[in-house]
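Residue numbers (my numbering), protein chains in the order written: chain B, 1 to 111; chain F, 1001 to 1110.
One thing to keep in mind: the hints can contain errors.
Said to hold, decoys possible - Simulated restraints on C-beta separations: (1) F:Gln1019 - B:Thr20: 39 to 49 Å; (2) B:Ser67 - F:Gln1019: 38 to 48 Å; (3) F:Met1080 - B:Val54: 39 to 49 Å; (4) B:Val52 - F:Thr1011: 45 to 55 Å; (5) F:Trp1093 - B:Ser67: 17 to 27 Å; (6) F:Lys1109 - B:Gly40: 16 to 26 Å; (7) F:Glu1077 - B:Ser67: 41 to 51 Å; (8) F:Pro1007 - B:Asn84: 25 to 35 Å.
What the hints assert, rightly or not - To be clear about the criterion: a stretch of chain B counts as covered by chain F if any three or more of its residues have a C-beta under 8 Å from a C-beta of chain F, and this derived list gives those stretches: (9) 43 to 57; (10) 90 to 98.
I should point out that these hints are in silico values taken from the structure, not numbers from a laboratory.
From the three backbone atoms N, C-alpha and C, an ideal C-beta is built for every residue, glycine too.
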Amino acid sequence: EAQVTQNPRYLITVTGKKLTVTCSQNMNHEYMSWYRQDPGLGLRQIYYSMNVEVTDKGDVPEGYKVSRKEKRNFPLILESPSPNQTSLYFCASRQGNEKLFFGSGTQLSVL
Amino acid sequence: GQNIDQPTEMTATEGAIVQINCTYQTSGFNGLFWYQQHAGEAPTFLSYNVLDGLEEKGRFSSFLSRSKGYSYLLLKELQMKDSASYLCAVVGWSNYQLIWGAGTKLIIKP
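Only chain B is shown next, with the shape it has when bound in the complex (with noise of 0.2 Å):
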């Protein structure tokens, strides 16, 4: 079945402990983004990357690592987490101009 594998669903911590979420896509496709879900404030983009070893700042980067050295893996890394970065975030990959699909989200608090 095509899909997006991402975990952990849900996850607490204290701000400056690092953690990162992981994400997996059985699609073979090139294209995957982090996107980060706040109320009111719709899907904004983190990091993308267009292909292996190849990724790049979206609109919101500040706080967050990514990296992607196999085509189907593109973990997000919280380095020094804050409150700030309390969050729903999804993980999601695309082929070409097929839809997007989304792993399941994970929310995040950082206390």
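Place chain F on chain B using the hints.
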């Protein structure tokens, strides 16, 4: 600049019809997506319009007018499960640039 406008919230009655509008101003256009999102869940694909006109898919239809920078999503025979947010997204200058609206929260009343 790039801008997509949708109403923040709409209310409709079960069994009725509702139209959710989306207007856009973008530097490029390669298509427009509509997604449905239930609270706390991932967006799910509803439609993708590239050419002008109406596309019907069961109870849902989507319309696009590129010259007017306008699209709408039409939901017929509303059901309680249609209570959700509806997201409009424009594919910009490349296939990989998506610009998202803030979404329209649709509330269905019995």
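Going down the list of hints, with the structure as the test:
no., hint, verdict
1, F:Gln1019 - B:Thr20: 39 to 49 Å, "holds (42 Å)"
2, B:Ser67 - F:Gln1019: 38 to 48 Å, "holds (43 Å)"
3, F:Met1080 - B:Val54: 39 to 49 Å, "holds (44 Å)"
4, B:Val52 - F:Thr1011: 45 to 55 Å, "holds (47 Å)"
5, F:Trp1093 - B:Ser67: 17 to 27 Å, "holds (26 Å)"
6, F:Lys1109 - B:Gly40: 16 to 26 Å, "holds (22 Å)"
7, F:Glu1077 - B:Ser67: 41 to 51 Å, "holds (47 Å)"
8, F:Pro1007 - B:Asn84: 25 to 35 Å, "holds (28 Å)"
9, 43 to 57, "holds (count 5)"
10, 90 to 98, "holds (count 4)"
Figure legend: structure checked against the earlier numbered hints; every hint is met.
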